[in-house]
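On the provided structure of chain F, position chain H as indicated by the hints.
Number of protein chains: 2
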Amino acid sequence: MKTMRDAGEFGLIAGLARHRPRSRRVLCGIGDDAAVVRPQPGNASLFTTDMLIEGVHFLRSQPAAAIGHKAIAASLSDIAAMAGVPEWALVSLGVPPGLSLKYVQELYRGMRRTCRTFGVEIIGGDTNRSDKIILAVFVSGRANPRQTVLRSGARPQDAILVTGRIGGAASGGHLRFAPRVAEAQFLIKHAALHAMIDISDGLVQDLRHILTQSNVGAVLHLDRVPLSPAARSVRAAVTAGEDFELLFTAAERDAQRLMKMWPFGPEVLLTRIGTITSPQAGLRIFDARGKAVTFPQEGFRHF
Amino acid sequence: MKTMRDAGEFGLIAGLARHRPRSRRVLCGIGDDAAVVRPQPGNASLFTTDMLIEGVHFLRSQPAAAIGHKAIAASLSDIAAMAGVPEWALVSLGVPPGLSLKYVQELYRGMRRTCRTFGVEIIGGDTNRSDKIILAVFVSGRANPRQTVLRSGARPQDAILVTGRIGGAASGGHLRFAPRVAEAQFLIKHAALHAMIDISDGLVQDLRHILTQSNVGAVLHLDRVPLSPAARSVRAAVTAGEDFELLFTAAERDAQRLMKMWPFGPEVLLTRIGTITSPQAGLRIFDARGKAVTFPQEGFRHF
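Protein chains in written order, with our numbering: chain F, 3 to 305; chain H, 3 to 305.
Hints listed in this document are in silico derivations from the structure and should not be mistaken for laboratory results.
Here the structure is a predicted model, which means the values were calculated and not measured.
For glycine and all other residues, C-beta sits at the position ideal for the given N, C-alpha and C.
Where hints are given, some of them may not hold.
Taking CB as the label site, the calculated pair distances span [what the hints assert, rightly or not]: (1) Gln187(F) to Phe297(H): 36 to 42 Å; (2) Arg115(H) to Ala184(F): 27 to 33 Å; (3) Gln64(H) to Gly174(F): 38 to 44 Å; (4) Arg7(H) to Arg259(F): 55 to 61 Å; (5) Phe288(H) to Gly44(F): 50 to 56 Å.
A few chain H positions that, by computed beta-carbon distances, are all more than 10 Å from chain F [stated by the list, open to error]: (6) Ala36; (7) Ala83; (8) Trp90; (9) Arg157; (10) Ala238; (11) Val270.
Below, a list of computed lysine-lysine pairs in the BS3-like style, where the Cα atoms sit at most 27 Å apart [claimed, not checked]: (12) Lys4(F) to Lys134(F); (13) Lys134(H) to Lys104(H); (14) Lys191(H) to Lys4(H); (15) Lys134(H) to Lys104(F); (16) Lys104(H) to Lys134(F); (17) Lys104(F) to Lys191(F); (18) Lys104(F) to Lys134(F); (19) Lys262(H) to Lys191(H); (20) Lys134(F) to Lys262(H).
Chain F with its partners taken away, still in its complex shape (with noise of 0.2 Å):
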């Protein structure tokens, strides 16, 4: 079995370097100190990194191509979350020296393909040697620069909205997942989205971000929330990280015109869970039977 000791990095990068790129906006691509590539004029330009490390993200024991799928669409899902498109993506390996040249392949076989599925190219990296794998990925994008959608911008009586199903990821989706990029796109077109957040950490937390940058309070409906069929309690789901729906919020005309265009459904929902109040109520969330509940942990801790 050849090893990356075998390949090494020069070996490595010449077999990545034969994926030409094939948009003509990359003047540079793999192989030189840095890739060049030229703007489209008008659009602003949006940048987001995430890493993913052994033992703690993942298994090496899990399938290497999903891995990477999880690295790319993690990122893509922050584009899709500014209301962005994604461009262009960088990838910073750190990978034991033992590790089979096959399993390496596998990573950016699954990186390439999601790459590919958003119309995304992978145009620069790095690989280090390390003991644990280490998967740092940088994603560019564009987007228009009055249409991003930050997540200070909520306002009391908006409604709050969240796409596809949650809870799904403690039970292996969390490695399968689709970032919401064209739903994105479609919600930008037809409304002015006043806020919105991918759901990484867990929707009660990701909704507090929203609350605490836009300076509001929530109620949250927790029998409204859809539940994926691998949810294990509504509880849970909506504390579990890493469901990459998107949570955002609009007006209440706006939020009606959206789930009546909407045409994503069956496959992902729209749905409308709660409703933006003045910040002095803070966040309540209440259960099927009109109970005020709270959660000790409200989602993913990192430390």
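Same frame as chain F, now just chain H:
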């Protein structure tokens, strides 16, 4: 002593977000799903990424601010090697939960200080739990698309030049080096550079990257290589990595003019060390007595 576990990710991010971006081109900085910036019209965008891993590239006992400096400066050096101007940085960190918050703050202080020196803003990032400290830095820059300098443009009869002094990295210089951003800007302002690379793997090995990608050969004179006072020997100096000096080629007349005009000496030398030849001859290296020499290993091996 307060640790990362005590502070948590959001505590750290809140601290970082307090450093507001100064550039009006930053439409959204740290604290949202992605950063948003306005590109400068007419420029190409440059992207590069570098990863530093504890135990591989540095030790925890080394000064954290110097490690932060190196992580940023390595990427700035990549941008310089394309004749670009660095603009934005994103930082993905992996940190052990038991690591002191002070250490992480020192890492950031080192990164921020170097960014400030070069007019770069840290506009995003990500923090993750990890056994080893990991810094994955991504830097974006701009360049005139007609002035980027690739590795692939060297031509027979070109002069080969190098900035600064070689061989200081081994004795700790790899934590203190200055990326040659202003030097590269001077070079492209006053001459047509044909090929350029920054010396990260070792002078001989990096020269070979230019030769391979340009399909040319070269003559290298070891006695002309300007040595750092810290260099152990010329052989060690030209095969050791991480000098982060610029190695480039230009037509003879341009090279002469550049050396005459060069305004950065004696702190930063500009030295001619060889000549590009036709590809048949390959790379020929001569010592002070005119004797051809070879190296069993020409530079840093990543695996």
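Okay, the hints, checked on the actual structure:
The hint said 36 to 42 Å for the Cβ distance between Gln187(F) and Phe297(H), and at roughly 54 Å that hint is violated. Look at Arg115(H) against Ala184(F): about 42 Å separates their beta carbons, and that is not inside 27 to 33 Å. As the Cβ distance of Gln64(H) to Gly174(F) is approximately 40 Å, the hint placing it in 38 to 44 Å holds. A C-beta distance of roughly 46 Å is found between Arg7(H) and Arg259(F), which places it outside the suggested range of 55 to 61 Å.
At about 54 Å, the CB distance of Phe288(H) to Gly44(F) agrees with the hint of 50 to 56 Å. Annotated as non-interface, Ala36(H) brings its C-beta within 10 Å of a C-beta of chain F; the closest such distance is 4 Å. Against chain F, the non-interface label of Ala83(H) is violated: not every CB pair exceeds 10 Å, the least being about 4 Å. With a minimum CB-CB distance of about 7 Å to chain F, Trp90(H) fails to clear the 10 Å threshold, and the non-interface call is violated.
Non-interface status of Arg157(H) relative to chain F is upheld: no Cβ of that chain comes within 10 Å, the nearest being about 17 Å off. Separation of Ala238(H) from chain F is adequate, the least Cβ-Cβ distance of about 21 Å exceeding the 10 Å criterion. The beta carbon of Val270(H) is kept farther than 10 Å from every beta carbon of chain F, the shortest such distance being approximately 19 Å. Among the hinted pairs, Lys4(F) with Lys134(F) is consistent with the structure: their alpha-carbon atoms are about 18 Å apart, no more than 27 Å.
Proposed proximity of Lys134(H) and Lys104(H) is supported: the alpha carbons are some 16 Å apart, at most 27 Å. Restraint check for Lys191(H) and Lys4(H): not satisfied, since their Cα atoms lie roughly 49 Å apart, outside the 27 Å limit. Proximity of Lys134(H) to Lys104(F) is assessed by CA-CA distance (about 25 Å); at most 27 Å being required, the pair is judged to hold. For the suggested pair Lys104(H) and Lys134(F), the alpha carbons sit about 25 Å apart, so the restraint of at most 27 Å is met.
Among the hinted pairs, Lys104(F) with Lys191(F) is inconsistent with the structure: their alpha-carbon atoms are about 42 Å apart, more than 27 Å. For the hint pairing Lys104(F) with Lys134(F), the CA-to-CA distance comes to about 16 Å; that is within 27 Å, so the pair holds. This hinted pair checks out: Lys262(H) and Lys191(H) have alpha carbons roughly 14 Å apart, not beyond 27 Å. Taking the CA atoms of Lys134(F) and Lys262(H), the gap is about 50 Å. The hint is violated against a cut of 27 Å.
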